[in-house]
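Those sequence lines, one after another, are chains X and D.
Mapping the first sequence onto this note's numbering, position 101 (from 1) lands on 101, and the numbers just tick up by one.
Mapping the second sequence onto this note's numbering, position 50 (from 1) lands on 50, and the numbers just tick up by one.
Some hints here could point you the wrong way.
Straight-line alpha carbon distances no greater than 20 angstroms define the calculated SDA-like cross-link-like pairs of lysine to any residue that follow [as the list claims (entries may be wrong)]:
#1 Lys42/X with Ser63/D
#2 Lys42/D with Ile38/X
#3 Lys99/X with Thr65/D
#4 Lys59/D with Phe30/D
#5 Lys78/D with Ser63/D
#6 Lys99/X with Ser63/D
#7 Lys78/X with Ile20/X
#8 Lys99/X with Thr19/D
#9 Lys57/X with Tyr31/X
#10 Lys42/X with Glu45/D
#11 Lys42/X with Pro26/D
#12 Lys99/X with Gln96/D
#13 Lys57/X with Arg80/X
#14 Lys57/D with Lys111/D
#15 Lys111/D with Tyr72/D
#16 Lys99/X with Arg37/D
#17 Lys58/D with Lys111/D
#18 Lys99/X with Val49/D
#19 Lys69/D with Met50/D
#20 Lys42/D with Thr7/X
To be clear about the criterion: a stretch of chain X counts as covered by chain D if any three or more of its residues have a C-beta under 8 angstroms from a C-beta of chain D, and this derived list gives those stretches [to be verified]:
#21 44-55
#22 64-76
#23 100-109
Label pairs and their calculated CB-CB ranges [said to hold, decoys possible]:
#24 Gln96/D with Val24/X: 19 to 29 angstroms
#25 Glu53/X with Tyr94/D: 35 to 45 angstroms
#26 Asn53/D with Arg80/X: 40 to 50 angstroms
#27 Thr13/X with Thr40/D: 36 to 46 angstroms
#28 Gly79/D with Gln17/X: 31 to 41 angstroms
#29 Ser109/D with Arg80/X: 37 to 47 angstroms
#30 Gln14/X with Lys57/D: 14 to 24 angstroms
#31 Leu84/X with Glu83/D: 34 to 44 angstroms
#32 Ser73/X with Ser85/D: 30 to 40 angstroms
#33 Lys57/D with Lys83/X: 36 to 46 angstroms
#34 Lys83/X with Gly79/D: 45 to 55 angstroms
#35 Glu83/D with Ile38/X: 25 to 35 angstroms
#36 Pro82/D with Val24/X: 30 to 40 angstroms
Please keep in mind that the hints were generated in silico from the structure rather than gathered at the bench.
We put the CB at the ideal spot given by N, CA and C, even for glycine.
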Amino acid sequence: EPEVTQTPSHQVTQMGQEVILRCVPISNHLYFYWYRQILGQKVEFLVSFYNNEISEKSEIFDDQFSVERPDGSNFTLKIRSTKLEDSAMYFCASLGLAKNIQYFGAGTRLSVL
Amino acid sequence: ILNVEQSPQSLHVQEGDSTNFTCSFPSSNFYALHWYRWETAKSPEALFVMTLNGDEKKKGRISATLNTKEGYSYLYIKGSQPEDSATYLCAFGYNQGGKLIFGQGTELSVKP
Chain X
1 EPEVTQTPSH QVTQMGQEVI LRCVPISNHL YFYWYRQILG QKVEFLVSFY
51 NNEISEKSEI FDDQFSVERP DGSNFTLKIR STKLEDSAMY FCASLGLAKN
101 IQYFGAGTRL SVL
Chain D
1 ILNVEQSPQS LHVQEGDSTN FTCSFPSSNF YALHWYRWET AKSPEALFVM
51 TLNGDEKKKG RISATLNTKE GYSYLYIKGS QPEDSATYLC AFGYNQGGKL
101 IFGQGTELSV KP
């Protein structure tokens, strides 16, 4: 069965550094999402992306965050200058409208030191 | 503010026990209610998507019901097995293609 893949599985970075989290959504899907879960908290929405542009973003998704779909297969989340509070598990998801199911990757655990 | 709540937060049962969890969500602007099963280090796995009031869905020993008028969904596991141990997440969607709003999850541990 097709799956969403995320790399790396764990990323450790220093505060203030830029990180790029990578995702390969399911190939025929058209909607893409980033969510995150800070330890002990709910999974929270960051941004959705459709037709090569952001369709919705949360208040968390400030100017430090950006998303890109550079080549029609990858979907990336960039954090320009990481903060300690960005430490979380970041999930990518893609949506197949036929089943109205968002399929999730296994996540990237980001640790900001 | 749209809020989704799940209870209990954690549950410890013996193999063979049947169990159920609750998800409460806003009863207005409802589009779909999703249940996911999430094991550590794996992708959250979609169990059910329910859209109609009164929906009941079943997958093996797991079933779910939906009441959109009062804003709740139940997930049932019949005859729990150790491999059912996972976190069960519910998520509310209020439009097609839109974001999901998650509950905090119920962590189930099934002891042999």
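- Could you check the structure against the hints above and give me the numbers of any it violates, in ascending order? Per hint list: 1, 4, 8, 14, 15, 17, 22, 25, 27, 28 and 30 violated.
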